[in-house]
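Position one of the sequence shown corresponds to residue 9 (the numbering used here), numbered consecutively onward.
One or more hints might be untrue.
[As the list claims (entries may be wrong)] DEER-style ranges, computed between Cβ atoms: (1) Arg-193 x Glu-127: 27 to 35 Å; (2) Ser-194 x Pro-52: 36 to 44 Å; (3) Glu-127 x Ala-65: 39 to 47 Å; (4) Asp-131 x Pro-202: 40 to 48 Å; (5) Glu-67 x Asn-35: 34 to 42 Å; (6) Ile-215 x Val-74: 24 to 32 Å; (7) Arg-139 x Thr-70: 38 to 46 Å.
Derived by calculation from the structure, the hints in this document are not laboratory data.
By construction, the Cβ of each residue, glycine as well, lies at the ideal position given by its N, Cα and C atoms.
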Amino acid sequence: MEFKSGATSIAEDKYEFKTDVNLIFGNKTITRKYVLRTTLHSLPVWKARNANVNITAYEDRTASVVKKAAIIDREIWVFEIDSTCADDIVAAVKYASHYYDAPPELLLKNVYAKNLNAENIDDKNDEIKIRTNKDLYSNTCNAILQAAKTLGVSSQLNFYVFSKNNNPKIPQTELKEALLCGGARSVTTDDHKPKVYIGNNAGTDFIVQRTNFHLATLSP
């Protein structure tokens, strides 16, 4: 198994707008054969938001922490995973590792997030939105690092982040500061701006727009 063939996405929502985990810098792609997708939603909530998606329940009887999981188009999805909680990330990676019979490093080597946004802040002022989302990115970055250490992963990790440059909830400068504060060794931005689907937290509205593509390197 090549470590570049695995990837994990966090905070997924609509299946049809799932994060592109094949994209890398330079507008190039790598086919990921071992993909773990996680979502904060419970399985019933996710199914209600994705009513037309066929899923196959997956159960890992060896798991010490029980999570709901499903197989969708040969990828494993694990539900109720808080990206700021290292224990949740560890649990999800263990599910994927058992399903694929693959080492945890394969799943954590490349982690993707698309427009992370804290819940229940839409009615707050911009200062609060930015501060809350900075904490979200910092805590997520730190949780990935802590999960890697728990799982015995010691190699460099790639944390790819899609985020619009002029996002009022966390502008580019604040985003980079948040990732570095969370433990990233470096943060770079691709010259190419890919087109991605951007949706609201309620899952009721989506648009396609060009967005910045960042890479934070993490060393457990």
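Structure-based check of all given hints:
no., hint, in the structure
1, Arg-193 x Glu-127: 27 to 35 Å, "holds (29 Å)"
2, Ser-194 x Pro-52: 36 to 44 Å, "holds (40 Å)"
3, Glu-127 x Ala-65: 39 to 47 Å, "violated (26 Å)"
4, Asp-131 x Pro-202: 40 to 48 Å, "violated (30 Å)"
5, Glu-67 x Asn-35: 34 to 42 Å, "holds (39 Å)"
6, Ile-215 x Val-74: 24 to 32 Å, "violated (37 Å)"
7, Arg-139 x Thr-70: 38 to 46 Å, "holds (41 Å)"
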